[in-house]
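S.K.: In case you want the letters, here they are:
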Amino acid sequence: MTGHVSIKLASERVNHCVAANNELPRFYTPGEVISGMQDFMRGHGTYTEDDCLKSSVAGVMQKVNKLICIRPLKSRYVGEIGDVVVGRVLEVQQRRWKIETNSRLDSVLQLSSVNLPGGELRRRSAEDEQMMRKHLQEGDLISAEVQSVFSDGSLSLHTRSLKYGKLVQGTLVKVFPSLIKRRKNHFHNLPCGISVIIGNNGYIWISPQQQDILLEDNKDEIQNYELQPVSRTDRETMARVKNCIAALVASKMMLDDTSIMFAFEESLKYDNVKDLLDPEAMLDIAFLAQHRINTVMED
Amino acid sequence: MWTTKTFLTKTKRGNILKIVREHYLRDDLLCGSAACNICPHKDDEYILDSKPHSICALFDYEHYLILDTNVVLHQIDVLEEDALTNVIILQTVLEEVKHQNTAIYQRLLEIIGKKTRKFYSFVNEHHKDTYIERNPGEKQNDRNDRAIRKAAAWYASHLSINNLDGQYPQIVLLTDDENNRKIAQEEGIVCCSVKDYIENVNGFVGLVDKLSKNVIPESCSKDALYPAHLTPTQIHTGIRNGKLYQGTFHASRENFLEGTSVVSGFEKPILLQGHIGINRAVDGDIVAIEILPKEEWRKPSDIVLEDKADDPGDLLEEDTELLTSVKPIDTSDDEITPTGKVVGIIRRKWRQYCGILKPSKFPGATRHLFTPAERKIPHVRIETRQSDVLASQRILVALDSWPRNSRYPLGHFVRSLGPIGDKNAENEVILLEHDIPHARFSEAVLACLPPDDWTIPEEEIKKRVDLRGLCICSVDPPGCTDIDDALHARALRRAGPRAYEVGVHIADVTHFVRPNTALDKEAALRSTTVYLVDKRIDMVPDLLSSNLCSLRGGEERLAFSCVWEIDENANVISTKFHKSVIKSRSAMTYEEAQLIIDDRSRQDEIASSLRVLNALAKKLKRKRLDNGALLLASPEIRFQVDSETHEPMEVQAKKILDTNSMVEEFMLLANVSVAERLARDFPQCALLRRHPAPPPAYFHTFLKAASQQGFELDVSTNKSFSKSLDAAVIPERPFFNTLLRIMATRCMQQAVYFSSGTRTQEEFYHYGLACPIYTHFTSPIRRYADVIVHRLLAASIGADVTHATLLDTKHADALCDNLNYRHRQAQYAGRASVALNTHILFKNRVEIESAVVLAVKRNALQVLIPKYGLEGPLYLPSDKFTYNEEEHFQICDDVILKTFDELTVRLSLDSTNLQHRKLVFQLVKPHIPGFSYEPEKEGEKMDVETVVAEKSNPEDNKGKSTQKKKRKDNAEIKSKKKIKK
Amino acid sequence: MPGPDLLSSQGLRLDGRRPNELRRIRCKLGVFTQPDGSAYLEQGNTKVLAAVYGPHQASKSKTSTDGVVVNCQYSMATFSTGERKNRPRGDRKSQEMSLHLRQSLTAAIKTELYPRSQIDVYVEVLQADGGAYCASVNAATLALVDAGIPLKAYACACTASIAWRGSEPEPLVDVGHVEEAAGGVCLTVSSLPSTRSVALLELSHKLHMDYFDVVLSRAMQGCRDIEVILDRAVREHLAEGWTKQDVVTI
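Residue numbers (the UniProt record's numbering), protein chains in the order written: chain A, 1 to 299; chain B, 1 to 981; chain C, 1 to 250.
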């Protein structure tokens, strides 16, 4: 397979920095003393040594009353109850699935936290345990919500809502979790006919919009749906969305439906989806999107 | 603070390898000029004057000099003169010099180090404005020349900045490279050749003499006398494909047209003969040799040939004398040596040579021939305008080049050492020729010394074992001021078998000579005290060597003690080492000690102590000899020196007494004990001394000569050798055995210092002493090896701390090399001094003495005068004598002369050649008409001759010699049986 | 004095640095998008890439309940030295280096925060010109910072050797390949400069105690200098990455 390959010298690389607010916050770096006093509470990204509160990561300080945290530029996903996540099934275990959610420990999806065919309040039987792999098997992608956080920091998920569950027919984009903007809603149907699930853990699911609301007991139709081909226009649009997200990420812009949508709209001037992979184009899109965001915010 | 730029150097090495090196360019380098007002100099960083005074008529304005590499390489002697100042040495130059000649590099560094000389080394290679990159295709040399020009141009413009009034020094570039000069002129850089510059210097007489006459040797093909040398590339390929061999050229002392070189692949050294064969190689040079075909292989000529030429001009005389002496070759002859010729010089090892000017036939001429003192070195052509002054002086000359069309190498005058015949000048020559550091101790060294009135502090005594109560005494030769050893012995009062406590106490030099001080470094450099006949060149300053470290009688001294418990049969029961304080009861000479031992009436502590020591020493010696230790001999003599003129008056052989041997035995024991301890505690870095067994081939001639006398010696092991030597006695010739031992000594290899990490345990063996391990511990005042051993031992017993260099095997190895080298040079210098004094002794004297033949050569006998320990050739004319190659003897009618024969010879000094004044030996007896010296001509000496000649057993003649003004105890020679250590 | 001539009479080293000067250090954080953290670092001609994955669930066999498991892999590119050489992963030297790397990084990471987790650090030496280990530690530190992994302090490593100015020992900081090959002693120190603690010490040859202190302090000074450089790089990286977010989150 031959294709157009562009390799650039390091010195000629595009600086993805999109000029914006030039007021820099105070940065703290590992080992730096934040405060000598003891009347602060030690939060994430800090530690105490020699009666000093020191930073353990590189980032900015966030102060909530007496609690001081240092938030790093990026890190693994730290889940909070109610977060929407996209994850991948790693393992099928006794009465639970292990899900990889980009957090520092694997998350757990209990058998009791999923909706099984045949009613929400059905007791989980021994057969169900044996049928677990039928429901979700290794490698499957799911969307879920964080149900609770265990003491060691690992997450317990649930999919007990129709919007959660197994994901098929789409594209997964992984970005740094810190770029995901926390919103009330993380499920978006974009006007371009594409739906995205912006997982708080940095996993973004792009798929064609579902035309009908599937009935949960209509199992055959699910099967069919999985097998149904996606139209070329849909696939191209998905690719465009994906590339737009990549452009925003390269410029370290926060992701939500608005920014993705703005970027998408700006990208339309590039006819060919693959043109969006060009660093200059990416910067262009990000820059225009940023500009629109600024305008919106000023309003 | 610093700017950085990376650059790439691509080098090809074997398979292509790309080497990328960083090269930082800086902006904080100073120009060193006081006229500069840009560089942020500190006050002490101004090296160059702001208004340098010009001494050259060509450039009558203020200027700094910048030198080209070749100028430094060739004209270092000019630079060393105090004439040129305000010179800028570029790093480019410094590095090229370092690469090409380390000796000159060191000298250059020394000049730079002298503040008064105002030499500034400018780091142009790392300066952001003067660094240049090599252009593609540009040769390294051209690039460097360009770099030099660039720096010169930079200096010129740099100094002009902010000096708007024009009052700033100019730059003059000195270079002998015409091409470089041309380009420089085009670039507007003032430049000049060294010759032009120096010849126009005012006020420094003699500076011109030091100009090196450097000619590119291979370029003078016109009237070439010598074949051209191969280029380095040709040599390299030749060596790689096995056609050529690399070796160090050793000129023969006896024959100036002959030399040898040891190369790998040949057991015997390669013989190099004749002007063409040697092809301008000078002793010590590393040369490329081509081996001649087997048919042309020769024997080493046995003749003694001197270059008597009276400057014959640039001609080579025929090598007839040499070549005719070679008979048709019988290839089976085992003396046939691989023969070759020098085809190229890989590296010159020229140094400066002492010598004298050969008187010139034309008065006022500037070209002269110089005769080096070292006979291995050819005559040198030099130019001087001070010949009338220098004619009577010993001078130092450096070699510059040896063009193909010159019979002799070209050189230039370096400095004068003093008038010929002057004692100091002559000693200076000896010291210089043997590379012995003999300058006065520097201020830095003297600053390391304790005050003159130093006494042992109380706390030091507390740290040490107090042995002041013991009856310790020292025994040394008369007149010895550096007493480094003392002894004691006492019976141990305890139950069980009789036992003694014996202690050897060695001056604790390391207490004063601390590691890494200037004093320590100087001592390490000197390595040994050098004893000339009338002079001693101390290793450590006098205050230490003759006072604070010298274990003088009745004074409290610091010592390093080795104390044994020894049983009656001289077996060591236990050994311990400790630092101590002692107070010697008495410092005796060998003779005094001998008298005390012999004087039965003396029963005091000293006497009984000495007797115990003496008795034990004899047992120790017996044991040692039973183990196979060799008793070797070398003729040693003492001069009696006139106290006023310091001229030698008389010679006597050193006497050997029981007490000599007594001291020696205990010193050996101490050394062995220490060696064992060190080898155990420092397996990697103990300083030891080994003596390898000589290879059997070395004994070849010696055994042949001995068998002619009817003795078959067994040299298979040192034990058997020792035994057969003991047995080889001719009762009526008491000197014969000593002679045999003298000759055996010459078959031996040198004992050497080494670091235990560099050899295997088996190689530690000391052949001469027949002991598995040995070191030097007992003379730290005069040997640096002992200082190191003291430090190691002190560290071993926890009395002192170690320091870094002490424990470094590599460093220890380098140290050993220097020790061995200095040790050897000191020995040679000592011998040279003896020879010098013998010459002085014979200045106005002619003697007839008995002699023995040491070796038979083709045209001479090598004879030894036992009385003086003097050796020399007795030339035999080939028309009278026939040489028997098989059996090594010379025959004339019915007289056969062979090795070990006793002769009578007449000794006189031939002063016709001032440089090589030599003793002339003439045969007196056996009488050969027409050759032997005819005593009638010098009647007054008649009686001397007859008496000597008649002596068959000289013992009987004692007292008979009546009215003679000289004592005739020549037969009593007891050459000091010196254990070759 | 032992050892080759590493210092010219003008007090400059073979490459033109002064004894207390580091080589030029250039570095960049976040050079890859795939790993959680990554960095590229040049120390003179020594060039190193580091990538960090994690912390993530530790594999079963490695799980430790006390803290995070740091897993390092050091490797050298075939083209990293003058002579092209196939370097199988996990040869003895790389294994040793990996262990040393782990020792240094474990000292810096606040391991107790993440029980049952694992951090993978991959270091690839692109060009080795002396001090590859130091460059690896420094690059790995940057990659860890980039990954947002909590550290007690920067882990910095630096080498030092010794040269002689006359007879005075003059320690050299940040030894280059030429100096290393010249046979002098080389002390590698890995430390957390701001806490003045040492994570790893390695000495290539014998060095006498008398000189150890000066060499060590020179190496520590080198670590402190490197820390300043790394800190500057981190701040620059933060400034670059943070602007956008700030605007959006206001």
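It is possible that part of the hints are untrue.
Unchecked claim - Straight line, CA to CA, 16 Å or less: simulated EDC-like cross-link-like pairs of lysine to aspartate or glutamate:
no., chain 1, residue 1, chain 2, residue 2
1, B, 521, B, 422
2, B, 98, C, 5
3, C, 152, A, 49
4, B, 521, C, 168
5, B, 898, B, 910
6, B, 810, C, 5
7, A, 269, A, 236
8, B, 618, B, 567
9, B, 462, B, 534
10, B, 535, B, 443
11, C, 60, A, 271
12, C, 110, A, 106
13, C, 152, C, 112
14, B, 623, B, 605
15, B, 128, B, 44
16, C, 60, A, 106
17, C, 152, A, 32
18, C, 110, A, 236
19, B, 18, C, 170
20, C, 152, A, 51
21, B, 918, B, 879
22, B, 880, B, 902
23, A, 63, A, 39
24, B, 118, B, 28
25, B, 349, B, 443
26, B, 182, B, 129
27, B, 118, B, 142
28, C, 152, A, 106
Bear in mind the hints are in silico, worked out from the structure with no lab data behind them.
S.K.: Hint by hint, where does the structure go against what was stated? Just the numbers, ascending.
M.R.: 1, 5, 9, 10, 11, 12, 14, 15, 18, 19, 21, 22, 24, 25, 26, 27, 28
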